[in-house]
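Visitor: So the protein sequences, as listed, match chains A and B.
Counting in numbering that gives the first Met the number 0, the first sequence runs from 0 upward without gaps.
Counting in numbering that gives the first Met the number 0, the second sequence runs from 0 upward without gaps.
Some clues are possibly wrong.
Chain B side only, calculated, beta carbon under 10 Å to chain A, not exhaustive [unchecked claim]:
1) Trp-43
2) Ala-47
3) Phe-60
4) Pro-64
5) Gly-72
6) Ser-74
Derived by calculation from the structure, the hints in this document are not laboratory data.
Keep in mind it's a predicted model, so treat the numbers as computed, not measured.
Backbone N, C-alpha and C fix where the C-beta goes; we use that ideal spot for every residue, glycine too.
Each chain, letter by letter, is given below.
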Amino acid sequence: MMDTKEKQGSMRSPLARARGLGAAGHGSGHWMAQRFTAIANIPLTLWLVYSIITLKGASHEVFVAWLGQPVNAVLMILFLLSVFYHAALGLQVVIEDYVHCSCAKITALIGIKFALLALAMASILSILKVAL
Amino acid sequence: MTPSDRPLSPHLQVYKPQLTTMLSILHRACGVALALGSLMVVWWLVAAACGPEAFGTAQQFAASPLGTFMIFGWSVALFYHLCNGVRHLIWDTGHLLKIENAYRAGYAVLCATVLLTAAVWGCALKFSPDAALSAPIVSDTLANTTPKTEGWQ
Ligand code: HEM
Ligand code: HEM
């Protein structure tokens with residue numbers, strides 16, 4: 000049951016699955032997630048740049064009205080999810096490349112994920128508070 | 000890591016700087032800078048939820064010379080990382096991998112970064128915040144100024 004589901008949902012070839020998870024032991028999931036979020040980031044970051052320009056010097060009242068529009072609230076949440084997930088994956092690789100002492104490495108890897116998750120949650124909660 | 004007797008690849012310093020290697024490290028540097036810059040988006044949203052006072056401080060900082068400089072830096076990093084990210088995604092499909100094409104795409108990325116930055120800041124500097132004000136607030140402003148004008152007439 001689970002197995003069939005996974006086969007249908009996975010983008011990995013049967014050979015890749017049969018051979019196991021590769022030298023790193025975790026397969027291509029990280030690589031793919033970095034690409035998917037990169038593609039999503041293109042429209043989302045361009046939308047944010049456009050929005051920042053139109054909100055230049057906006058008062059609190061105007062900003063709250065802007066964020067209260069469902070389109071803007073949804074796009075802002077999508078931006079945060081995609082960019083923070085993308086950044087977590089990207090910073091993980093940077094840490095793995097430069098931090099060699101395994102204790103510091105594990106601390107940094109866990110710390111960066113906790114920090115990014117907390118920041119994303121704080122932002123999303125703020126959006127909901129303003130928009131709802 | 001345990002040291003081994005296996006031969007090492009030549010160390011990085013023996014290579015002359017090349018466009019491809021410089022663009023590669025720049026992609027990483029900009030990715031890290033963007034992650035730091037995202038803290039500002041967080042701060043902006045949290046300030047808005049905190050209230051008009053906190054939000055006003057944020058807007059004031061963004062308009063200050065230091066704030067504007069930081070936002071400019073973030074935008075350059077974004078446009079470079081975005082354009083070069085597209086170059087990466089094209090590579091992932093198996094295209095532009097021949098050396099001369101990787102170089103051509105690299106120069107194209109640099110040009111696109113400069114053009115995007117110039118276009119966006121051209122628009123941003125021309126943009127007047129008044130245009131962003133929603134209708135009720137514009138009429139508020141009119142209501143406040145109208146009696147004054149009448150008084151002068
Ligand atoms: C604010 C938004 C963004 C942040 C914070 C961010 C952050 C990062 C970081 C930290 C890395 C890891 C760098 C490395 O390992 O060398 C990375 C890699 C990458 N980013 Fe982004 N990025 C953002 C937007 C984008 C956008 C818009 C694209 C569009 C295509 C993109 C495409 C990529 C790609 C393809 C990689 C993988 C590069 C590789 O395999 O070496 N990113 N990003
Ligand atoms: C295009 C890139 C960037 C954008 C769109 C951006 C956006 C913002 C925004 C929206 C604010 C809140 C101010 C407001 O609008 O009222 C802000 C403040 C701020 N930004 Fe950025 N930012 C960018 C890049 C950066 C970078 C790269 C840094 C430094 C690494 C930075 C550091 C700050 C700081 C320190 C504040 C003020 C925080 C405070 O006073 O509490 N920004 N930025």
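Visitor: Now tell me if each hint is right for this structure.
Guide: These are the hints, each one checked on the structure:
no.	hint	verdict
1	Trp-43	9 Å, holds
2	Ala-47	5 Å, holds
3	Phe-60	12 Å, violated
4	Pro-64	15 Å, violated
5	Gly-72	14 Å, violated
6	Ser-74	7 Å, holds
Violated hints, in rising order: 3, 4, 5; the structure is consistent with all others.
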